[in-house]
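Novice: Single-letter residue listing:
2 protein chains.
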Amino acid sequence: MLIQRLSILGVGLIGGSLARALKQAGQCGEVIGCGRNLANLQEGISLGVIDHYTTDPAEAVKAADMVIVAVPLGTMAKMFGAIRDSLSPDAIITDVGSAKATVVEDARRQLGNHLPRFVPGHPIAGTEKSGVAASFAELFEHRRVILTPLPETDPQATAKVVKMWQYTKAEVIEMAVTHHDEVLAATSHLPHVLAYTLVDTLAQLETRTEIFRFAAGGFRDFTRIASSDPTMWHDICVANCEAIVKMIECFSQELTQLTTAIKQNNSDYIYQVFNRAKMARDKFNS
Amino acid sequence: MLIQRLSILGVGLIGGSLARALKQAGQCGEVIGCGRNLANLQEGISLGVIDHYTTDPAEAVKAADMVIVAVPLGTMAKMFGAIRDSLSPDAIITDVGSAKATVVEDARRQLGNHLPRFVPGHPIAGTEKSGVAASFAELFEHRRVILTPLPETDPQATAKVVKMWQYTKAEVIEMAVTHHDEVLAATSHLPHVLAYTLVDTLAQLETRTEIFRFAAGGFRDFTRIASSDPTMWHDICVANCEAIVKMIECFSQELTQLTTAIKQNNSDYIYQVFNRAKMARDKFNS
Chain A
1465 MLIQRLSILG
1475 VGLIGGSLAR
1485 ALKQAGQCGE
1495 VIGCGRNLAN
1505 LQEGISLGVI
1515 DHYTTDPAEA
1525 VKAADMVIVA
1535 VPLGTMAKMF
1545 GAIRDSLSPD
1555 AIITDVGSAK
1565 ATVVEDARRQ
1575 LGNHLPRFVP
1585 GHPIAGTEKS
1595 GVAASFAELF
1605 EHRRVILTPL
1615 PETDPQATAK
1625 VVKMWQYTKA
1635 EVIEMAVTHH
1645 DEVLAATSHL
1655 PHVLAYTLVD
1665 TLAQLETRTE
1675 IFRFAAGGFR
1685 DFTRIASSDP
1695 TMWHDICVAN
1705 CEAIVKMIEC
1715 FSQELTQLTT
1725 AIKQNNSDYI
1735 YQVFNRAKMA
1745 RDKFNS
Chain B
1465 MLIQRLSILG
1475 VGLIGGSLAR
1485 ALKQAGQCGE
1495 VIGCGRNLAN
1505 LQEGISLGVI
1515 DHYTTDPAEA
1525 VKAADMVIVA
1535 VPLGTMAKMF
1545 GAIRDSLSPD
1555 AIITDVGSAK
1565 ATVVEDARRQ
1575 LGNHLPRFVP
1585 GHPIAGTEKS
1595 GVAASFAELF
1605 EHRRVILTPL
1615 PETDPQATAK
1625 VVKMWQYTKA
1635 EVIEMAVTHH
1645 DEVLAATSHL
1655 PHVLAYTLVD
1665 TLAQLETRTE
1675 IFRFAAGGFR
1685 DFTRIASSDP
1695 TMWHDICVAN
1705 CEAIVKMIEC
1715 FSQELTQLTT
1725 AIKQNNSDYI
1735 YQVFNRAKMA
1745 RDKFNS
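Taken in sequence, the protein lines are chains A and B.
Under my numbering, the first sequence has 1626 at position 162, and the numbering climbs by one with no breaks.
Under my numbering, the second sequence has 1706 at position 242, and the numbering climbs by one with no breaks.
Keep in mind that the hints were calculated from the coordinates and are not lab data.
Treat the hints with care, since some could be wrong.
Note that identical chains are pooled: a pair holds if it fits in a single copy or bridges any two copies.
In silico lysine to any residue, SDA-like type, Cα no more than 25 Å apart, as pairs [to be verified]:
#1 K1710 / E1638
#2 K1727 / E1713
#3 K1627 / K1747
#4 K1747 / R1688
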């Protein structure tokens, strides 16, 4: 068994799904959940996702050999500080944050001597739903997990976190912190910003009730991610601010050019953008 | 039986699905398909969607009591002109175009004495796929079809088109032409413009191969509509230019404000946008 005592700080969609997957694989013993929402923690017990719970992070990590920090990015620093003095000397710590530079900074400031056993991580998986009730063991199957180990990270700690994710049937990839944050700004953070902005723009139009009434399947798919947790996404925008703003600016520049083409009835330009996009999207699909 | 001889000009996803649904409901006799792509027409025969085909629109509408014009918006005027002199005196003509003002303009210029039997229509249904192979009889079930009859439209013609769509299990709604074009610019045309722009922006980044490699389910859903037919969407942008540009400008204004908030670390503003959007999207979902 890979993990004797697994501590999940933040028993939501990601933390809950990881606990389920590891239990299902027979790779973890006891699972301790920690959070602030008692109803959610009790649901975690009923669903068999966690075995015990506490609202005290320091308590939750005692005697744990693997600690998963699955809280919003804005809470990472506080969480690292809260657990530092209760961690076992050989405990491995990893996180699931959607941006890595700020988490690494938080860890460097807060984890003290435990830093070499901290392995920054990010599973590229999720749905627009939140909470332990939304978790399921198969969430990570055939998905990618990016680890961004630091120069001082103990290779044995990284190896154990790689193994852990492999038991969830994910593909594990290592990447530099900055590169991770740029790639994710493009493929995940920017789309979320656009979806939230679109839905809020429409919701503020006077005819909003009627507008949503005539929305079809394409709109439903396009805006699904706007149902994601606003606190989590607020934190991502604050944490990965620079890369996200850069991507928004690339996007806005292209949108401005396309708008000019539409205004000027520039058929070639419009068709070329749409056709290039279709080809790229069809290729991604296959 | 509602329709004796149904003529489908443009045997694609929409035209094909309508023929299938009406056949399945036992509400149409012979179906004549018309298009330029012979392989697609032959596939329509093999799939039992159409009974005969021709590449000549004038031929296709002879003796038809119901004519469905399901071609891209940019081809409507030419199609109306091509069929005018071959239409039966009592034939009812309807279309499925995603913008209505230009279709109405085309019909007024081209249909001559047949104008009172032309009922402009738009089924709010579709997928990102094209061609008769993508068609299915259930496409319109529980979806809305908007009709925008003109002051001179014969109410009996409208009534027959309403009945036709009801046999596909769609809900039929009447609306003014301008209102239709504004509502659809918001819920359908703008999202398509944004999806195409996002995918094209990313495809032009140097690291594009890797970028798409790390895209997850949210990205897949968000960009699905960028696989839609570029000719069809080019024509929609040209036809509904004014309403679309207005919506892009509303969206861009809100995106600029959000970008400023992200740059300035204005947490309240960011959270409020995301939270309002989540509430609006969750409500739409329910």
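Novice: Indicate, hint by hint, whether the structure satisfies it.
Specialist: Structure-based check of each hint:
1. K1710 / E1638: Classified as within: same-chain Cα gap 24 Å, cross-chain 44 Å, threshold 25 Å.
2. K1727 / E1713: both (21 Å within a copy, 12 Å between copies)
3. K1627 / K1747: neither (31 Å within a copy, 41 Å between copies)
4. K1747 / R1688: both (22 Å within a copy, 12 Å between copies)
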